[in-house]
Amino acid sequence: MNIELSDITRKFGRNTAVDRVTLEAGPGVLGLLGPNGAGKTSLLRMLATILPPSSGQLTLLGRDPGNPADRREIRRRLGYLPQNLGYYPSFTVVEFVEYFALLKEMPPHLVTKAVAAAVEKVDLGSKAKAKLRTLSGGMLRRVGIAQAIVNEPELLLFDEPTAGLDPEQRVAFRALMRDFGQTATVVVSTHLVEDVGAACSEVALMSNGKIVFRGTPAELTVRGETGQGVGDAPLERGYSAILAAARA
Amino acid sequence: MSAVALSRPARVLRIEIRRSVVPWSVPLILALFFFDSYRTAAGFPPNWTVHASAITNNLAWDFAPFAAGLGAWVASREGRRNTGDLLATTARPAWARQAAALGATLFWLLLTFLAAVAALYIQVALQATWGGPPLWPVVVGAVQVVTLAVLGFTAGALFPGRFTAPLAAIGAFLLVFIGFHAALNLTPDSSTNALLSPATGLPLEDVGVFYHVAPDVAIAQVMFMGGITVALLGVLVVAPVFRVRGGLSGAVGRAGRPLCAAGVVLLAAGVAASWTAFALTGTAKLGVSGWDIPALHDAASDQPIPYTPDCAGTAFPVCVHPAFSGDLPAAAAALQPVAAELKGLPGAPVRAEEVPAAGEGVSGTPPVYHYDGNNGIAPFLGSPAGADNARWRAGFQQELLTEFIAGPPNAGPRPDASVLPPTAAQQAVITALMTVAGSQAQFGEDMTNGHPTAGATPAQIDAAAQRFASLSTAARHAWLAAHLPALRVGEITLAQLP
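Those sequence lines, one after another, are chains A and B.
Reading the first sequence from the start, the letters are residues 1 to 248 in the working numbering.
Reading the second sequence from the start, the letters are residues 1001 to 1498 in the working numbering.
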C-alpha cells in the first residue's frame, strides 16, 4: 500500500479539520470528494508531508513521514499540485519544471529528458521557453501538473487539478491520470464529479473531516439511484445522497 | 561529494542566477556608483590607499540599501508568490533551496561590486606612479556587501511580506550611517570599537606610501561582519524549527537533529567570531601607519617601505616620494626660488626631501629640508584640479622659510607641536623673502597679536617686510648672514630690520 492512514486527526486550534480518518490506497486513481471545508485539502497536505498529523499513524510509500530521512525519501517519489499554484513569473516553463525536478532530487543526468517529457505530456512543448508571466491561467495549471509529474512519482496528489482547463485539456488530463494510476497512487481532490467518474477507480467522500463513503464510482452512482440525492448526473445524485445521509 | 551531488545544486544555482532580480537593479547601482564613488574618487590624489578608501566610505552607501533590500526581496519570494506548500513537498531541505537563491543574489551583487572596484582601481592606475592596488579594502567591502545581503535575506525569510524589502533597505542605510558616524568621531581617546565600522573617513595623503597599512583593523572588521553573516545563516537554518507547532523537542525531531545542531553551531560560531572582533578592536592603538591591534599585529609591517626618491634640480634638488612624482615639477618650482634666497646662509638647506608625517624640519649635515605630504603642503600634494595653486605654493614656501627662520636651528626632525609662532621680525623677513619669490605670506591673527610679535601690528610687520624686500639681493643676504642666529632666537625686533 502506498498510503496507509490509521486514525489520523488534524486539528487547527479548536477546529478539527480531519477527524480519525483511516484509509489505505495502492496503485490507482482515488478521487477525494466533499463539500468546502470537508477536510480534503488538509488531508491532501498531510499526504504531501506538508502538515504533520495531530494524532494517528501515517505511512506513505512504506515510510514514516515523521522521520526526516524517510520524509526526504517520500518527497523524492512524490508529486503534488496545490489548489493555488504559486509560481515565479520570470522563470520559463522549462526552468520552472527543471527547478522542481532538481529540488525533488532527480538524478541530474535524467532531468533534461524528464522535463521535456513532462512539458510535452501537458501539451506545453510550444511554450517551453515562454516566461510564466506570459501564460494564461489554464496554461499555468498545466505547468503545475508538469512539475508534479516530472519525477514519475509513485504518489501523486492533485488538488483541484482541472480548474481552469478547457474541455479538451480536461479530457487529456484525465487520460494522464489514468496512465499514472497504472503504476502509482493518484489522489485527486476535486469538486467536479465528472472528473471522478471519468478517471477514478475509487472514490472517497469526506464530510466534516471524516470519510463517509469509500467505493467505486459505480457504487457511488448506485447510491444516487437508491437514496435521496439531487443532481443532474447519477454521480452527483450519489454524492448528494451520501452527504445528506451523513448530515442526518 | 559525488559529481551527481555537486551538479544538482549547481544547476539550481544556474537557474537562480539566470532569473535573479538583481540584474534589474544593476543599472541603478552603477549610476549611483558613478555619481557618488567614482566622481568622488576622481578628486583624490593618485594614491592607491586613498582611492581604496572610496570602497569602504562611498561604495558602502551605494550598495548597502540594494544588498539588504534585494536580499530581503529574494528571500520573501516564497511567501509573496505562495510557493511555500509546493516547495515544502520537495526533497531538498529549505536551507539548500535558500542557499541557491542567496548564492545567486550574492553572485550578481559581488560581480557588480567587483566591477565598481575595478573601475575605481583603473581610475587610479591611470594616474598612480607608484604602488599597487590594496586588497584588504576590497575584501572588507565585499564582506560588507555579503553581510548586508544576508541580513536582508534573513529578514525576508523570517518576515516574507511586501514591505520587508524596503524596510531592510532603509535599515541597512541607517546601519551604514551609524557606522560611518562612529568611525568619523573616532579619536585615540574614544572607544576604539568604532573601528568595527568599515568606514574610515578620508585618510592622509601619504598613507600606505612610506609604511604598509597594517591589515589588523581590516581583519577584525572581516571577522566581525563574517561572524554576523555566519550567525544569520545559523538563524536561517534553525528558523523552520520554530515554525513547527507541537513543542520544541517535537519540532527539532521533525526538522532533524543534525540540521538543528548545525544551525546552533553556526549561530554560536558567528556570535563568538563577532564578539572576538569586538574585543580585539577595544585594544587598538595608533601605530606608524594607522591603528594596530596588538593581538593581530605583525611588527614586520612597521618597517618603512624602501624607495628611491624622484628628484629635480641641481642647485637645490627637490625630492619627492615616487608615489608623488607627478607633483615633482610643481614642488621644485615652488621651493627653488625661496631656497635660492637662503643659499649660503649658515644652516640653509641644500635640498628638500619628502618624509613621512611628523618628520618635517631642517636637519642633517649638510642640512636638508624634510617636508611631509600632509602638513603645510597638503593642498599641494595631490591637489585636485581647480585648487588654488597660488595659495598652496605660498603655503609650501612659507613652511620652508618658517622652518628655517623660526624653527630651532639644526634641532632635527620634530613634531609640529614644538614649532613656535614666528616673532614679528621673523614674520617680516619671511614675508619679504616670499615677496621676492613672487608669493604672499599669510600669518594667523593669533600669531600677530600673541607674545612673539610683542604687540606689533600687521601693518607694522608689512611695512618692515616691504623695506627688507626692497633691499638688493646682496644686501638682504649679507644682513641675514650677519643676523640669522639672533633672528632665529627672536632677539631681533622690527625696528632692527634694515
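One thing to keep in mind: the hints can contain errors.
What follows is a list of derived Cβ distance ranges for each label pair [what the hints assert, rightly or not]:
| hint | chain 1 | residue 1 | chain 2 | residue 2 | range |
| --- | --- | --- | --- | --- | --- |
| 1 | B | F1107 | A | G138 | 46 to 54 angstroms |
| 2 | A | G137 | B | L1202 | 55 to 63 angstroms |
| 3 | B | F1159 | A | G13 | 19 to 27 angstroms |
| 4 | A | T9 | B | I1178 | 30 to 38 angstroms |
| 5 | B | L1174 | A | G66 | 39 to 47 angstroms |
| 6 | A | S201 | B | N1082 | 30 to 38 angstroms |
Bear in mind the hints are in silico, worked out from the structure with no lab data behind them.
Nothing here was measured: the structure is a model prediction, and the numbers come from that model.
For glycine and all other residues, C-beta sits at the position ideal for the given N, C-alpha and C.
Please list, smallest to largest, the hint numbers that this structure does not respect.
1 and 4
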